[in-house]
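**Student:** Take a look at the letters that make up each chain.
Number of protein chains: 2
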Amino acid sequence: MIKVLIYEDNQQLREGLGILISGSIGFQLTGAFGNCAEVEQQLDELKPDVVLMDIDMPMVNGIEGLRKIRAADSDVRVLMLTVFDDNENVFEAVKAGANGYLLKKTPPARLLEYIADVMEGGAPMTSSIATQVLNMVKSGNNAGTQDFDLSAREMDVLKLLVNGYSYKMVAAELFISIDTVRSHIKNVYEKLQVNSKSEAVAKALKTRLF
Amino acid sequence: MIKVLIYEDNQQLREGLGILISGSIGFQLTGAFGNCAEVEQQLDELKPDVVLMDIDMPMVNGIEGLRKIRAADSDVRVLMLTVFDDNENVFEAVKAGANGYLLKKTPPARLLEYIADVMEGGAPMTSSIATQVLNMVKSGNNAGTQDFDLSAREMDVLKLLVNGYSYKMVAAELFISIDTVRSHIKNVYEKLQVNSKSEAVAKALKTRLF
DNA sequence: CCAACAATCACACGTTCATGGGATTTATCT
DNA sequence: AGATAAATCCCATGAACGTGTGATTGTTGG
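From first to last, the protein sequence lines are chains A and B.
Just so it is clear: in the first sequence, position 126 is 126 by this note's numbering, and no numbers are missing.
Just so it is clear: in the second sequence, position 49 is 49 by this note's numbering, and no numbers are missing.
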């Protein structure tokens, strides 16, 4: 039994979706709202497996809603619904951690398949949207950095480490003693929560710190 | 009328696909081959709209075939077929310019839809594959992959290093002695042209080796 | 069959790193 | 003025790493 929560501002569509979900075996509707201003607590109370989220909603739009969900550290699966296969929204939604992205014109039977799909870890997409995602991959868009609150000097040191410098080389490069380098690095390790040079390098690169 | 060209080494599947295509209205089979050693001239002669390309083929594998197609500056649409939703292949295929990526277990009726889809500029993907593509976008994968010709074992070791393992931990994880780990790492360093763990980690991440 | 390579293990030496203690100076915020 | 944080430096110890020089086994391709 897959528990589904719906956010869709258009009343007719919301009810239509609701009926589709609750009327299908294997699916259960746990709620349907016209806006996602209170996603957090609704998630908490209703504990859905999958959220259907309309992108174009008043007050808090769907992508904001998605961000709130991910910020709440929920691992619920989120399927975005939209009328247009609009480039910017697709990009934003993917970055924000959407699990799938469907056009509203998706036929009901397909929609149910897709919901089941997303439950199993799939990422159903309307193919026109997949096209855009492929282009993103090919042309290399991205962002999403974390902030570890490193001081300027700590950054200097870390950058050099990432470029393969030893402590001694860092010291020479920055005209400071090797003990100062040690000191900075110790602090960096604490802030990044690592305890080796290579872990620090990996974390810096993975989170695109520079 | 959509003209389809098939590359599939398994004879049975090739014939099955051929019958499906030629027996469906709106579709026309222009050819079916067991290898794509001569894609260029076959494309030139047969002028298909869509190519179905198996990834796992002897001689010239599907991705190589795809590259040859793109190198020939053809704008034919290419749908990759594969048994596994294997990460590396998806990435390579996307980079090489595939228009879609399907699992072979896709039911025939769907396959036809997908072919029509790709004709209209869509990028049909099995959803398990779409998941991987989304991850690529999120983690910003892109161009510039180099090949350092690491052995499988060397890859294993390097992956663990990237994840912050010490030599000792790698040895424990792979059930080999720490000296063996050293040995592998020494070879990795030579191939990557580095001489420290953190440089190796940096290079692996920067060149998106995995 | 032989060459080449991959994977495994061993030992030894010196270097680099991680971490634990400190300390001083300067700038900023309250 | 006192607190806080950043940047600098010092010392000492043990663990981790880098490199050299081996050796054995199994697989693969010519």
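Everything labelled a hint here was simulated from the structure, so no lab data went into it.
It cannot be assumed that every hint is accurate.
Since the list can't tell identical chains apart, any single copy or any two copies may satisfy a pair.
Below, a list of computed lysine to aspartate or glutamate pairs in the EDC-like style, where the Cα atoms sit at most 20 Å apart [said to hold, decoys possible]:
(1) K168 to E38
(2) K206 to D156
(3) K186 to E113
(4) K191 to D149
(5) K191 to E173
(6) K3 to E92
(7) K105 to E120
(8) K186 to D149
(9) K168 to E40
(10) K3 to E15
(11) K105 to E15
(12) K159 to E190
(13) K186 to D156
(14) K159 to D149
(15) K3 to D44
(16) K95 to E190
(17) K206 to E38
(18) K186 to E173
(19) K186 to E40
(20) K95 to E64
(21) K3 to E40
(22) K206 to E190
Keep in mind it's a predicted model, so treat the numbers as computed, not measured.
**Student:** Tell me, which hint numbers fail for this structure?
**Tutor:** Violated: hints 1, 3, 5, 6, 9, 16, 17, 19.
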